[in-house]
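Keeping their order, the protein sequence lines are chains A and B.
Note that the numbering used here has the first sequence beginning at 551, numbered continuously upward.
Note that the numbering used here has the second sequence beginning at 232, numbered continuously upward.
No wet-lab data here; the hints were simulated from the structure.
No experiment lies behind these values; they were computed from the predicted model shown.
Please note that a few of the clues may not be correct.
[Stated by the list, open to error] Lysine-lysine pairs mimicking DSS-like chemistry, simulated, CA-CA at most 27 Å apart:
hint, chain 1, residue 1, chain 2, residue 2
1, B, Lys305, A, Lys556
2, A, Lys644, B, Lys383
3, A, Lys628, B, Lys321
4, B, Lys305, B, Lys383
5, A, Lys644, B, Lys321
6, B, Lys338, A, Lys644
7, A, Lys556, B, Lys354
8, B, Lys288, A, Lys788
9, B, Lys349, A, Lys556
10, B, Lys305, A, Lys788
11, B, Lys321, A, Lys556
12, A, Lys556, B, Lys341
13, A, Lys628, B, Lys359
14, A, Lys556, B, Lys340
15, B, Lys302, B, Lys411
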Amino acid sequence: MFPIYKKELQSFFYTPFAYAIAALFMLLFTYMIGGAVSNIQESNTLKFSFVEIFYNVTLYFIFLIPILTMRTFADERKFGTEVLLMTSPVSVLKIVLSKFLANITVFLFMLAGTLIFPIITAINGTVVVSQLICAYVGIFAWGSMFIALGMLISSFTENSIIAAIIGEIVMFAVLFLDDFANSAFISQFPKLQSVLYAFAAQPRFAYFSQGFIRLSDLIFFVSAVIVFLAWTYISIEKRRWNRG
Amino acid sequence: MITIENLTKYYGHNRAVNDISFTINDNEILGFLGPNGAGKSTTMNMITGYLPMSGGKVTINDTDITESPVKAKKNIGYLPEIPPVYPDMKVTEYLDFCAGLKGIKGKEKKMETERVMKLLGIKDVSGKLIRNLSKGYKQRVGFAQALLGDPKFLILDEPTVGLDPNQVVEVRNLIKSLGKEHSVIFSSHILSEVSAVCDRVVIINKGEIRAIDTIENLEKPFRESLTLHIKAAGNKAVAAALIGATEGVSEITEAEDEGNNISSFIVQLSGDAEQVQDKIAAEFLKNQLSILEIYTDKPSLEKVFTELINRPVQKKSLAELMDEVIPENSSADDSDDAQEEKEEDDE
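Produce the complete structure using the sequences and hints provided.
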């Protein structure tokens, strides 16, 4: 399992890919922080929190995560290297897991850059550490789910650009699922609304950003990761059967 | 030993491989010969466990590839048709990764990568990005990958494609030397290659086996009726009479005057070619005629190949086909479907 993980990391970090995506994310994140900081004078200082910013930053992640995951399986197929992995004595499940871990690692690398702002704040003032930890746990859980989803979409196609575009669309849909559930139209069907709401990730993520770690939310994200990874596994196996 | 039993593969309604069975013995080089699209790659993909089979069974050293794939795959080195290389990796990185995939660890890993790079002669490009390599080098890097960990069975899908003539010879020699301690299956549509390297040949076309045998045995049936070409200087009538009187000659099919007192004959033989040649030569000497040329037409491998590939497969009777398609206790409705299916297959 480790060789695949290592190879994936090499493909991210020996190329400008990981740095470029992390830099882009930092740019967007800094823009958000800058906006929040400049608003401080006008309003209550208490309103400013990193946690809020994480909640707002998810929209940018929706653009970046499919770009991170688009190559995961699409490129293996495009270069014909899928054969190498499939005929080596490593099970498909391990391949999926190691690729997931590698993507998570890059995601953590992207997140690590954002730590600079709490650190600067801590030097010159105070940071509510417990809340900050909640926010990071939340964004990590939330990101893991979308990475697993992105990998699933990458396993459907051999064109990484298409994987990215479909990824954006699907993730947008998931992101706005709760807004959709709250819409006037869906409100007419309370049962449907409650079902949709149960699948919405955003309200659960909001709890993390408010400084709550609820077991049910953690279980939601963990099960989502498991479902998407299992689906990825099935999608790869299924494609082997249908090939031709 | 690899055993392949009744291997079948359908792509949708299209039958790519139909019920083929053969075995690969230890330390044997088996050629897998067939025209493009014959099902060679599909079969190899199934043997190595990349594609699941629609029916049949592949066992590698008594391990079923579908039942315990990880264990079975440990014994296999596979070079697919398109070398499975990552363009943005260096050769050493790539081989290091592949060695890791095969569970080779620590010091051994480095030794193994060094060993295979030496075998394939790719040491001089070891620091280069694979995307910058020529096709021949990519092919060799792919081959090197298959040799990592010294697997008992090597499955090579057209390993010499894209190599220059020098490299082709090198790779052939390599395969030959590998055959001493490994079992090698290698596919090709180039006959001379297969005959130069292989102990046995499996010829397939349209997903069905046409022949499994040694090259010699395959040629045999085509040797029975031999043609002898003779070019002689001297009187044409005398020469013709001499040839006609020789034992083992069934008829002279062509006699041509080439001028300058030279004539050439094409003779059908019924007896042993060498004996007839000796006799004719002796007779000619006695009668002071000289032979300028004498040779027999050996069936060319190409001829053997095309004959074998194009010879009609023994058609199964409709009843047999029906038995295959429908399980015994099925209803009448099913049999209609089956007939439709059969018709589609025939198309």
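Results for each hint:
1. Using a Cα cut-off of 27 Å, the hinted pair lysine 305 (chain B) and lysine 556 (chain A) holds, with the two alpha carbons roughly 21 Å apart.
2. Of the supplied pair hints, the one linking lysine 644 (chain A) and lysine 383 (chain B) holds, its CA atoms being roughly 24 Å apart against a limit of 27 Å.
3. With a C-alpha separation of about 19 Å, the suggested pairing of lysine 628 (chain A) with lysine 321 (chain B) holds against the 27 Å cut-off.
4. Restraint check: the Cα-Cα separation between lysine 305 (chain B) and lysine 383 (chain B) comes to about 9 Å, which is no more than 27 Å; the hinted pair holds.
5. Between the alpha carbons of lysine 644 (chain A) and lysine 321 (chain B) the distance comes to roughly 24 Å, so the proposed pair stays at or under 27 Å and holds.
6. Taken as a hint, the lysine 338 (chain B) and lysine 644 (chain A) pair is honoured in the structure, with Cα atoms around 24 Å apart against an allowance of 27 Å.
7. With a C-alpha separation of about 23 Å, the suggested pairing of lysine 556 (chain A) with lysine 354 (chain B) holds against the 27 Å cut-off.
8. Taking the CA atoms of lysine 288 (chain B) and lysine 788 (chain A), the gap is about 19 Å. The hint holds against a cut of 27 Å.
9. This hinted pair checks out: lysine 349 (chain B) and lysine 556 (chain A) have alpha carbons roughly 25 Å apart, not beyond 27 Å.
10. Distance restraint check for lysine 305 (chain B) and lysine 788 (chain A): the Cα-Cα separation of roughly 23 Å lies within the 27 Å cut-off, and the hinted pair is therefore satisfied.
11. With a C-alpha separation of about 14 Å, the suggested pair lysine 321 (chain B) and lysine 556 (chain A) falls inside the 27 Å cut-off, and the hint holds.
12. For the given pair, lysine 556 (chain A) sits about 16 Å from lysine 341 (chain B) by alpha-carbon distance, which is consistent with the 27 Å threshold.
13. For the hint linking lysine 628 (chain A) to lysine 359 (chain B), the alpha-carbon distance of about 21 Å falls within 27 Å, and the restraint holds.
14. A C-alpha spacing of about 15 Å is found between lysine 556 (chain A) and lysine 340 (chain B), which places the hinted pair at or below 27 Å, so the restraint holds.
15. At most 27 Å may separate the alpha-carbon atoms for a hinted pair to count; lysine 302 (chain B) and lysine 411 (chain B) meet this at roughly 24 Å.
In summary, the structure agrees with every hint in the numbered list given earlier.
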